[in-house]
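Colleague: Sequence:
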Amino acid sequence: MTSAPAKPLRAGIIGTGGIAQSHARAMTTLEGEIDLVAVTDLDRDRAAAFAAEHGDPTVFLNAQELLESAELDLVSICTPPQTHAPLAITAMRAGITALVEKPTALSLAEVDEIAEVETETGVQTLTVFQHRFGVAARRLGELVDSGALGRPLVATCDTLWFRPDSYFDVPWRGRWDIEGGGPTMGHGIHQFDLLLSVLGDWQEITAVAARQLRPTDTEDVSAALVRMQSGAVVTVMNSLLSPRETSRVRFDFERATVEVEHLYGYQSSDWIFTPAPGHEELAEQWNPAEDGTSGHRHQLAAIAQALTAGERAGVDLAEARRTLEFAAATYASAFRRTPITAGQIAGDDPFMTSMSGGMVPWEQTKNQAVTS
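Using this note's numbering, you'd call the opening residue of the sequence shown number 57 and step up by one each time.
These are computed hints drawn from the structure, not numbers from a lab. Treat the hints loosely; a few may be bogus.
Unchecked claim - Here are the simulated EDC-like pairs of lysine to aspartate or glutamate, each with C-alpha atoms no more than 16 Å apart in a straight line:
| id | residue 1 | residue 2 |
| --- | --- | --- |
| 1 | K63 | E89 |
| 2 | K63 | E87 |
| 3 | K63 | E127 |
| 4 | K63 | D129 |
| 5 | K63 | D101 |
Please build the complete structure, drawing on both the sequences and the hints.
Modeller: What follows is the structure, encoded as structure tokens:
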């Protein structure tokens with residue numbers, strides 16, 4: 057006797073701004089696995105227009121009503137970062153898996169609060185780090201895990217983007233208290249999350265951060281020199297000041313270089329595999345299928361598969377926390393002008409509760425000028 061086919065997951069979206077389009081389009085392509093049945097937004101007209109564009113899911117008055125009444129399995133939280141932790145906690149307590157746009161929360165303390173509720177409820181909060189789920193990234197992970205490429209030695213990770221002053225006309229952008237940080241938290245985090253997913257745990261970060269040009273409270277550029285637990289040496293650059301935009305990640309292993317350059321999403325053809333002399337046969341093992349651009353669809357498909365099977369999905373809180381700690385350590389090192397080791401930010405350290413740590417150099421300079 058064959059079992060009945062699994063019902064599609066019932067999904068909702070909170071916040072129908074720009075990034076919600078990626079969630080809705082991905083859900084639409086996963087017909088039979090995920091049904092978008094509910095949406096809400098502070099702007100009801102925007103929510104209604106969004107619903108009309110994406111299959112007419114029910115429009116709820118607010119997030120609380122959606123979480124209480126829509127009978128959801130999964131909810132995408134596509135609101136400004138300040139709201140991520142409270143909404144995720146509310147969803148978990150309603151028995152609904154939360155999929156949160158990056159960053160998971162504004163601080164490590166908030167992530168730890170979410171983790172406590174996850175333990176209490178048994179319901180997960182997941183973070184959107186879609187670059188992990190592209191076909192080529194998964195193939196790279198398989199080769200690394202097999203040991204075929206040898207030890208990782210060197211890596212570079214660059215998010216060189218351009219955002220004009222007008223980008224920050226949106227009130228929550230460029231503010232520590234709402235967005236949590238600048239390109240380190242809001243832009244480059246996708247690339248260095250991919251890097252960490254391949255190389256594993258980091259050990260120590262020495263960083264700089266600056267506000268060079270943009271009208272923000274936060275940095276508009278940061279750079280970090282990182283030693284991984286494996287011993288690999290890594291550089292990470294995050295910028296919103298770069299007219300020729302690119303996203304690059306390169307890994308140099310003992311037996312091969314594997315690299316990708318793209319902008320907001322890669323295809324398998326964007327990756328280059330270069331075997332080291334004497335290891336040319338490895339090129340035959342680099343054979344990722346071409347399966348569209350890395351994006352929300354791949355991650356949502358993996359989540360649907362896991363939840364339908366009653367398994368834990370990714371990217372889970374432990375993995376997301378490691379990436380967020382990397383961001384916090386970048387700021388702490390830059391502002392304290394000292395290396396920061398993994399696990400050092402803890403307890404009553406001010407960088408536990410704010411990415412700025414209350415010690416932003418340009419803010420302190422401004423305050424000194426005002427009082428002098």
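Colleague: Now tell me if each hint is right for this structure.
Modeller: Structure-based check of each hint:
no. : hint          : in the structure
1   : K63 with E89  : holds, 7 Å
2   : K63 with E87  : holds, 11 Å
3   : K63 with E127 : holds, 13 Å
4   : K63 with D129 : holds, 11 Å
5   : K63 with D101 : violated, 31 Å
In terms of the numbered hints stated before, the structure departs from hint 5 and from no other.
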